[in-house]
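Number of protein chains: 2
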Amino acid sequence: MEYFLGVDGGATSTALALCDREGRVLGIGHGGPSNHILAPGGEERARSAVLTALNGALAGAGLESPAFEAAHFGMTGISRDSEPARAFAAVVAPLLTARIVRIESDASVALAGALACRPGVVVIAGTGSVSLGRDPLGREARAGGWGYLFGDEGSGFALGLGGVRAALHAHDGTGPSTVLETEIPRRFGRSLGEIPLLFYEGRVQRPEIAALASAVTAAAAAADPVAVSLVNTGAEGLAAIAAAVVRRLTWPDGTAAVAPVGGVFRAGSVILAPLKAAIAARAPGAVLVPPRFEPAVGALLLAMQAAGVAHSPERLALLAATWELRSRT
Amino acid sequence: MEYFLGVDGGATSTALALCDREGRVLGIGHGGPSNHILAPGGEERARSAVLTALNGALAGAGLESPAFEAAHFGMTGISRDSEPARAFAAVVAPLLTARIVRIESDASVALAGALACRPGVVVIAGTGSVSLGRDPLGREARAGGWGYLFGDEGSGFALGLGGVRAALHAHDGTGPSTVLETEIPRRFGRSLGEIPLLFYEGRVQRPEIAALASAVTAAAAAADPVAVSLVNTGAEGLAAIAAAVVRRLTWPDGTAAVAPVGGVFRAGSVILAPLKAAIAARAPGAVLVPPRFEPAVGALLLAMQAAGVAHSPERLALLAATWELRSRT
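Chains as they are written, first to last, in our numbering: chain G, 1 to 329; chain F, 330 to 658.
It cannot be assumed that every hint is accurate.
Stated by the list, open to error - Derived, one-sided and incomplete: chain F residues facing chain G with beta-carbon distance under 10 Å:
#, residue
1, R374
2, G476
3, F479
4, E482
5, G522
6, V574
Claimed, not checked - Computed footprint of chain G on chain F, listed as stretches where at least three residues anywhere in the stretch have a Cβ under 8 Å from a Cβ of chain G:
#, region
7, 463-475
8, 488-495
9, 543-549
10, 615-625
No wet-lab data here; the hints were simulated from the structure. Bear in mind that the values here come from a model prediction, so they are computed numbers and not experimental data. Idealized CB from N, CA, C, for every residue including glycine.
Sequences and hints are given; from them, build the entire structure.
Okay, structure coming up:
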């Protein structure tokens, strides 16, 4: 049997999937965050995240430790042939055997998954945000992704942070009142004024602020005007990066598929509707499409591609069906 | 001779002044940042900042190590009778002898200085931002000051960060073009795309981002529309915190003096004009007034007050004249 490995490594968690040559997903595993490989403790964190996810997937598949035909890693904060990519390669080398190992960004596997390796653009809003596209000529463009302080407009962190700021403004009397003033402390289990201090002291991390995004989108869905404004601003920021990518590439038939990927979009139409309107206004040829596969499946597609295995309709259908099945268990 | 000591301790630097009972400023000294006393290395940093500033002021005054009647410290991130205040008291105790030692926030000495201990409001825009006021009934109110991530609207850091973000947007094609795209890398001496990475890696600190505020205000003064918008947004944020403080207090004659203090206001009318308009719109009774004294002189006034020395017109005039003289040397 030939086995393929695909990994989506993010700032909040790491997802890993195994499949065979037919595209049958055999196991899925999850691990902790695997970002900041060059930071103190970063290599050990990445090792632990990959190993936990790999062991989970192997157990689900009933496999010991197979030799993989190809393994494709899409890691946040890592680009192809960079210093972090070399550090990550050294971390995973002792963990598994693979004939081909590819390491690139998490955005690239999200793009591959969302569009099944076809041309198009992905706009990602997880803990951070970024847009990446590839046109029919094979050229790539990217926008956003400048991190939690300098960018990440429309990301989970930006929405959660915006919610805390709006709540503090309501509390200070410097901004309009909003349900977020009570809703955010309730979700957090701490008083509002404690949240900044806990963050600055390192006792609250960015993913915990990003988790508050769902409080903001829920308040927007309930028509809280402050939350609606935050979500619309986020949608504008995401539309801006997606439209910039669309405009920088070439689309011979005049249309570019744009797929939204990431936890923020689980909120549904409250964010997707303003995103669709804002993209249409900025890049008339862009068409919002639902993502076809998860980023971890995108990594599997890229692993198969690296080994010369074609993405036949049968393989894609089997990947979709077995991923669905394995995700439920 | 009776001597008084006043200190303004900030996130970027520490200013210290000595005066005698008549209000004659005898020496001024400067040290490094003295914030985050409870963080790793914080006590040593505060000790070093205070000692450097104290030695500079004593040398200027030609004094050895006098016993002070009273010493008043206004320290960023420290409030009266708090855990950081106790830690700071333990740090300074071995450095000097004083009959009375008072430790409170940097905002309180800025307020005392700007209004010569009269009722009113101070709106501070240094590396961070905050507003503090005291009404004729002696009641205090505060707004803003939630730090670089959750607040600090209109601060040097917020303006500098906004400038970098706007430049990145121009670079990405996600926002309008602006002179900041070339001006910020020129001032920084690094390419634009490097700035976020250098910050996340800890190789660029917040004061260096805050220092870019002057690039933003200069671009606004030269009518760059993106920079004008950033400065106006900052002015709105500062007006919001000042107006919230004005509204929360009681002003029997219907007017409240609001004094702008901090490095951001060195830009002059480009920030002061929109601030004045925005405060007038939000708190009609507020009147923007120039600050009378520097925060370090405010600390001297509070030290004298603690020792029962009245702020006579003669003392205030001598403080103003001798501070001016000593600052020039």
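Among all the numbered hints in the text so far, which are the ones the structure does not match?
Hints 1, 9, 10 are the ones this structure does not satisfy, whereas the remaining hints hold.
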